[in-house]
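The chain contents come next:
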Amino acid sequence: MYNNPGDRLSRTSMSLAILAIFSILSFPVVAPYILGSLSLVLAILSRGRSEIFPRRSRTAAIVASVALILNTALLIYSIYYFNRILHDPALQERFSETLYRMYGITFDEFMSQFRR
Amino acid sequence: MTFYKENKALKADARESLLGHLTTAVISVFLYTLATSLIVELVANFQSGSVILSLVLSAVIFYVVSICSHMLRIGLASIFLQLLYQKKASIGDLFRAFHENSDTAVTISTFISLLELACMLPAIIALAVIPVNGLTPGLGLVILLLAAGAIGIAAVRIRYALVAYLFLDYPEYSAGELIRGSARMIKGHKMRLLKLYLSFIPLYFLGVLSFGIAGMWVISYSKAAVAAFYRDLMSGLRAPSDES
Chain A
2 MYNNPGDRLS RTSMSLAILA IFSILSFPVV APYILGSLSL VLAILSRGRS EIFPRRSRTA
62 AIVASVALIL NTALLIYSIY YFNRILHDPA LQERFSETLY RMYGITFDEF MSQFRR
Chain B
70 MTFYKENKAL KADARESLLG HLTTAVISVF LYTLATSLIV ELVANFQSGS VILSLVLSAV
130 IFYVVSICSH MLRIGLASIF LQLLYQKKAS IGDLFRAFHE NSDTAVTIST FISLLELACM
190 LPAIIALAVI PVNGLTPGLG LVILLLAAGA IGIAAVRIRY ALVAYLFLDY PEYSAGELIR
250 GSARMIKGHK MRLLKLYLSF IPLYFLGVLS FGIAGMWVIS YSKAAVAAFY RDLMSGLRAP
310 SDES
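Protein chains in written order, with this note's numbering: chain A, 2 to 117; chain B, 70 to 313.
With the rest of the complex left out, here is chain A (with noise of 0.2 Å):
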């Protein structure tokens, strides 16, 4: 059914960018960068000679950069929302009240595991 090495690359790019969007729920930071590059890479060899992307690389594309957007957005939020924890007492108290309940420490022993 792929018999054209273009359209073989084009789906695993297309799966790949598929799996990026998936892996920002599951493994934030690092599997999506990951992917989304790759896909990003492979969508654009796919192309050969050709002046435009097939239509699954182009979808690919597209795909893994709104995942690679994505994951930069929750990135920056995340370390927005840390530095925020670090100077707001309350937020601080909150967040380790929670932390306990999910993994049984503070927040104050969480941190004294990066300052050994």
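Calculated from the structure, these hints are not laboratory results.
Source: prediction; values computed, not measured.
Hints may contain errors.
[What the hints assert, rightly or not] Just a sample of chain A residues kept apart from chain B, beta carbon distances all over 12 Å, derived:
#	residue
1	G7
2	L41
3	A74
4	I86
[Said to hold, decoys possible] Cβ-Cβ distance ranges computed for the label pairs, FRET-style:
#	chain 1	residue 1	chain 2	residue 2	range
5	A	R50	B	A224	44 to 50 Å
6	A	Y78	B	P271	21 to 27 Å
7	B	V129	A	R50	28 to 34 Å
8	A	R95	B	L122	54 to 60 Å
9	B	L213	A	Y81	54 to 60 Å
10	B	K264	A	R50	16 to 22 Å
[What the hints assert, rightly or not] Looking from chain A toward chain B, a few residues come up when the C-beta cut is under 8 Å (computed):
#	residue
11	S38
12	I53
13	R57
14	A91
15	R95
All residues carry an ideal CB built from backbone N, CA and C; glycine is no exception.
Given chain A's structure and the hints, the job is docking chain B onto it.
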């Protein structure tokens, strides 16, 4: 008057040559990267308390790594050139310069490595002599010399970018003829090649973003594009030493 292809067309040729052969290309690039880093790791463990000995060792390490890496680069060029000529290429071709016409390959690699060493020598001396502790003027000088060295290496690589391809296409020529031929061929086309290299920066950024993984595909693409650049130049020129 000869018309050369635009970078867009060269990249299209490169993509076309890679279709169906990406696995071979990517594995070769991976092995090249692995081998080069392994050599660096192995020789980087030699350290000495003496400044002079450290200096000599650093220079020797840089020189050895540079020669080995250039020999492997000839192998990589061979793979991408064969793919461009629609011939069969295998991963074993990566080590072609080590067993085929190796005298010429070593001479070419030594010449280019010496030039690269000459570019980096001021930085190596500064690193060995100037104590760099924190933000001192010494650190600024070292960074400046490193940057100047990197620019020098880039200039050397552009001037002799085609020597590997000439070596593969004209095995009967001597190292000197191939080196001169490469410098003559690239004359008037350096900016075109530089633009071709620079056009891959956005893709290299994706490589960095993926922690180097997508970089293997991007390097394959850029190497194939340089091979296409060589073929395009060859279509407009005669053999390297025909004029002399």
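Could you tell me which of the numbered hints above are not met by this structure, giving the numbers in increasing order?
Of the numbered hints, 1, 2, 5, 7, 9, 12, 13, 14 and 15 do not hold.
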